[in-house]
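Student: Position one of the sequence shown corresponds to residue 2 (the working numbering), numbered consecutively onward.
A hint or two may mislead.
Derived lysine-lysine pairs resembling DSS-like cross-links, with alpha carbons at most 27 Å apart [to be verified]:
| id | residue 1 | residue 2 |
| --- | --- | --- |
| 1 | K71 | K60 |
| 2 | K63 | K92 |
| 3 | K44 | K71 |
| 4 | K19 | K60 |
| 5 | K70 | K60 |
| 6 | K44 | K60 |
| 7 | K70 | K42 |
| 8 | K94 | K60 |
| 9 | K63 | K94 |
| 10 | K42 | K18 |
| 11 | K18 | K71 |
| 12 | K76 | K60 |
| 13 | K60 | K74 |
| 14 | K70 | K126 |
| 15 | K63 | K19 |
| 16 | K18 | K60 |
| 17 | K63 | K48 |
| 18 | K74 | K63 |
| 19 | K94 | K76 |
| 20 | K76 | K105 |
| 21 | K48 | K60 |
| 22 | K94 | K48 |
| 23 | K19 | K48 |
| 24 | K63 | K18 |
| 25 | K126 | K92 |
| 26 | K42 | K67 |
| 27 | K105 | K67 |
| 28 | K42 | K74 |
Ranges between beta-carbon positions, derived for each pair [as the list claims (entries may be wrong)]:
| id | residue 1 | residue 2 | range |
| --- | --- | --- | --- |
| 29 | T97 | F68 | 24 to 32 Å |
| 30 | K76 | T32 | 31 to 39 Å |
| 31 | I109 | L30 | 16 to 24 Å |
| 32 | G121 | K42 | 30 to 38 Å |
| 33 | R62 | I100 | 16 to 24 Å |
| 34 | D83 | I54 | 25 to 33 Å |
| 35 | I109 | N55 | 21 to 29 Å |
| 36 | Y51 | K76 | 34 to 42 Å |
| 37 | F68 | G121 | 44 to 52 Å |
| 38 | K48 | K105 | 42 to 50 Å |
| 39 | Q81 | R128 | 32 to 40 Å |
| 40 | K48 | K92 | 37 to 45 Å |
Derived from the structure by calculation, the hints contain no laboratory data.
Just so it is clear, the structure is predicted and the values come from calculations on it, not from any experiment.
For every residue, glycine included, the Cβ atom is placed at its ideal position computed from N, Cα and C.
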Amino acid sequence: MGKNSLAQPQRLRSNQKKRRINRRLFLDLATNNTMRSCARKYKVNYKTIYNRINYFAIKARKNNNKFLKKLEKSKVQAMQFDDLITVEHTKMKPLTITIAVDRKRRYILAAEVSRIPAFGLLAEKSRRNMDIEKVNMKED
2 MGKNSLAQPQ RLRSNQKKRR INRRLFLDLA TNNTMRSCAR KYKVNYKTIY
52 NRINYFAIKA RKNNNKFLKK LEKSKVQAMQ FDDLITVEHT KMKPLTITIA
102 VDRKRRYILA AEVSRIPAFG LLAEKSRRNM DIEKVNMKED
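Make a model of the complete structure from these sequences and hints.
Tutor: Here it is in structure tokens:
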């Protein structure tokens with residue numbers, strides 16, 4: 002198996018030379034900083050940042066599996082659903098995000114994103130644009 006495969010040894014950090022940057026790097030990447038800017042900030046190679054992202058992914062997958070096992074043991078008593086309407090690029094492409102939440106513990110159990118037809122003053126214009134896109138796709 003390769004170096005970055007999921008079947009890594011117990012100690013994922015054993016081959017990392019600069020472990021001290023892990024926590025700050027994780028926060029920087031989570032707040033939408035680029036890999037290149039993080040590499041400059043911590044004075045490491047770009048490939049180091051790339052490998053740390055793989056490390057964070059493996060670590061997150063393990064934590065998620067552990068969380069799911071814990072969740073299986075204690076069943077959900079009550080669930081709440083919530084909807085949010087947002088847009089993709091413009092108001093002509095609205096989306097709805099439906100979330101299922103455990104009422105007592107506030108855990109997000111599931112989330113689903115789906116398209117909805119435009120509404121309001123832009124509905125007619127949106128339908129015309131969608132018709133034009135469908136015609137253009139058929140020509141290709």
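Student: Each of the hints needs a verdict: does it hold here or not?
Tutor: Each hint tested on the structure:
no., hint, verdict
1, K71 to K60, "17 Å, holds"
2, K63 to K92, "38 Å, violated"
3, K44 to K71, "39 Å, violated"
4, K19 to K60, "17 Å, holds"
5, K70 to K60, "16 Å, holds"
6, K44 to K60, "24 Å, holds"
7, K70 to K42, "38 Å, violated"
8, K94 to K60, "35 Å, violated"
9, K63 to K94, "36 Å, violated"
10, K42 to K18, "17 Å, holds"
11, K18 to K71, "33 Å, violated"
12, K76 to K60, "25 Å, holds"
13, K60 to K74, "22 Å, holds"
14, K70 to K126, "48 Å, violated"
15, K63 to K19, "22 Å, holds"
16, K18 to K60, "18 Å, holds"
17, K63 to K48, "23 Å, holds"
18, K74 to K63, "17 Å, holds"
19, K94 to K76, "37 Å, violated"
20, K76 to K105, "11 Å, holds"
21, K48 to K60, "18 Å, holds"
22, K94 to K48, "37 Å, violated"
23, K19 to K48, "13 Å, holds"
24, K63 to K18, "22 Å, holds"
25, K126 to K92, "11 Å, holds"
26, K42 to K67, "33 Å, violated"
27, K105 to K67, "20 Å, holds"
28, K42 to K74, "43 Å, violated"
29, T97 to F68: 24 to 32 Å, "26 Å, holds"
30, K76 to T32: 31 to 39 Å, "35 Å, holds"
31, I109 to L30: 16 to 24 Å, "21 Å, holds"
32, G121 to K42: 30 to 38 Å, "44 Å, violated"
33, R62 to I100: 16 to 24 Å, "22 Å, holds"
34, D83 to I54: 25 to 33 Å, "30 Å, holds"
35, I109 to N55: 21 to 29 Å, "25 Å, holds"
36, Y51 to K76: 34 to 42 Å, "40 Å, holds"
37, F68 to G121: 44 to 52 Å, "40 Å, violated"
38, K48 to K105: 42 to 50 Å, "44 Å, holds"
39, Q81 to R128: 32 to 40 Å, "33 Å, holds"
40, K48 to K92: 37 to 45 Å, "41 Å, holds"
Consistency with the previously given hints fails for numbers 2, 3, 7, 8, 9, 11, 14, 19, 22, 26, 28, 32, 37, ordered from lowest to highest.
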